[in-house]
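> Given these sequences and hints, build the entire structure.
Chains W and A are the protein sequences, given in the same order. Using the working numbering, the letters of the first sequence map in sequence onto residues 1 to 215. Using the working numbering, the letters of the second sequence map in sequence onto residues 1 to 348.
Just so you know, these hints were derived from the structure itself, not from any lab. Keep in mind the model is a prediction, meaning the values are calculated, not measured. Be careful, since some hints might not be right.
Stretches of chain W that chain A covers, calculated by requiring three or more beta carbons in the stretch to come under 8 Å of a beta carbon on chain A [unchecked claim]:
id, segment
1, 58-71
2, 94-106
The following label-pair restraints were derived from C-beta to C-beta distances [as the list claims (entries may be wrong)]:
id, chain 1, residue 1, chain 2, residue 2, range
3, A, GLU109, W, PRO82, 39 to 47 Å
4, A, GLU83, W, SER18, 32 to 40 Å
5, A, ALA346, W, GLY120, 49 to 57 Å
6, A, GLU18, W, THR78, 53 to 61 Å
For each residue, glycine too, the CB sits at the ideal point set by N, CA and C.
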Amino acid sequence: MSPVPADPGRAFESALLSTNDVAARREFAAVAAHEGTYAAMETLVVPALQRIGDAWEAGDLALAQLYLAGRIAEEVVTAALPATSPFFAGVPPIAIAVLEDHHVLGKRLVLSALRAAGYGVTDYGRGVGVDDLVSRCVVDRPRILLVSTLMLPSALRVRDLAAGLATLDGRPTLIVGGAPFRLDPELWREVGADAGGRNSADAIALVRRFLGGAR
Amino acid sequence: MSAAMTSLDRVLTTLRHEEPDRVPLFLLLTMHGAREVGMELEAYFGDAHSIAEGQLRLREKYGHDCLVGAPNATADVEAWGGEVVYRADGPPNAGEPLIADVEAIRTMEPPRIAGNPVVARTVRVIEELAARSHDVPIIGGVVAPFSLPIMQLGFETYLTLMSERPDLVKRLIAVNEEYCVAVANAQLAAGATAIGYADPMSSTTCVPPETYREVGSAVAARTFARIRGGVAINFASGRCAAIIDMVAATGAVAVQVGSDEDLAAVKAAARGRLAILGNLNGIQMRRWSPEVAETEVKRALAAAAPGGGFVLSDGHGEIPLQVPDETLHAIADAARRWGRYPIDWAAG
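Listed below in structure tokens is the structure:
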């Protein structure tokens with residue numbers, strides 16, 4: 001059993017930012033061995049991703065660093081928690097899609113962050129239309145639907161999506177993100193979403209807020 | 001106060017970091033021209049004469065100081081044979097990445113410019129604009145060699161490749177440089193006054209300043225040295241304040257600043273080296289009242305106009321189709337009213 005470093009959270013974050021996946025696994029394993037996998041996620045992974053997201057927001061880190069850090073964090077956690085783990089039993093279903101647009105990086109960042117925080121997420125892909133997305137929600141009944149857009153017209157189509165989802169029994173909570181929502185902080189409200197996230201760490205915080213105590 | 005100038009005089013004086021008669025206004029309207037000529041966007045983007053006609057009508061309508069000769073960034077994907085996905089209410093997207101197998105980069109060559117129908121279409125737009133306008137800057141456009149792989153590979157694959165296969169990235173950028181220089185020079189030969197160089201990848205939103213130093217700025221400097229005209233860098237809303245000294249060293253004449261940057265700070269940092277374009281928020285512009293438009297124009301002018309070297313524009317390089325005529329008129333009116341030099345109303 002490896003000793004836990006003096007500040008394991010910072011050591012894990014440093015490993016992510018230096019794209020040192022070996023060190024990230026080592027830091028995670030050390031804490032998990034002492035305190036359990038869930039505690040390692042809570043004390044190492046989620047705070048590190050939150051700080052990295054905040055640093056990107058402040059202009060101190062770049063998207064390339066955010067992407068690589070999120071990917072390594074996702075790999076570390078999914079290795080420790082395979083999809084078949086009993087950990088996921090009872091976790092409310094969450095889905096994500098790129099509405100109409102064809103740029104997938106934003107969705108990828110959010111997927112990595114949520115998986116690294118221990119959430120299973122169904123990926124509906126890119127370029128998905130409003131009707132298709134509503135149909136998927138009828139079948140899968142996700143508790144939360146995350147929607148990423150790059151272009152303004154796609155962001156405005158969220159209004160139609162919100163109207164379509166409103167007709168469903170047990171409609172999912174609708175969380176949106178992407179460039180138009182970053183450039184216009186009022187836009188998520190205008191198009192009828194339940195919340196807008198500015199980065200992948202925001203997505204974790206918002207999912208937690210809307211799921212309440214349900215993991 | 002200077003006598004009234006032509007748009008070209010106004011812009012050239014600005015680029016010399018002097019005060020012209022009033023602040024030049026660039027309404028970078030890449031799609032609104034389709035409405036002017038009564039066409040759907042896909043058909044409009046495919047027809048050189050319609051694009052030129054649309055640009056001329058828009059300038060007549062709003063009286064701004066430029067014509068957009070290369071209105072569609074995905075042309076730089078289409079010219080390579082890549083997929084472009086059109087929509088009726090916004091700019092086209094790059095579709096499936098052009099490069100499915102990254103190993104193909106090893107033997108990849110740029111498309112031939114002569115006879116390429118996509119390049120020829122843009123050249124025809126610029127030729128017609130040059131023939132039908134006088135003393136108005138015509139802005140050509142290319143996607144930077146460092147940014148084009150976002151569309152060629154997909155952003156995620158590109159970021160992964162940068163981390164794991166820098167050799168392939170270097171080769172792809174070198175191929176893209178040849179294409180970029182050839183297209184820019186073809187546009188200048190057709191009558192473009194300057195080239196807009198879209199380089200979102202170089203912004204500190206996308207890569208750290210060290211990467212810009214090692215790759216983005218080096219690519220830009222090499223590329224600009226071979227382009228036979230002035231180049232303005234557009235980071236497509238990405239941040240550039242932290243790299244402005246390196247941007248100035250590339251040889252660019254101007255830089256477009258995103259709407260979430262501190263315009264006054266960037267102007268101060270670039271003073272005398274780079275003219276600044278910016279930084280009205282095109283996304284929020286959609287719901288501006290005329291009063292808000294005037295306030296936003298005054299904010300930008302107060303921040304960056306005194307002393308010259310400033311062109312009022314949006315911060316992204318493309319005003320969304322959803323921005324109504326009334327708002328564009330309000331912006332143009334406010335620019336004429338408050339942008340007249342000297343900008344003494346902004347003192348204090």
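> Hints broken by the structure, by number, lowest first?
none
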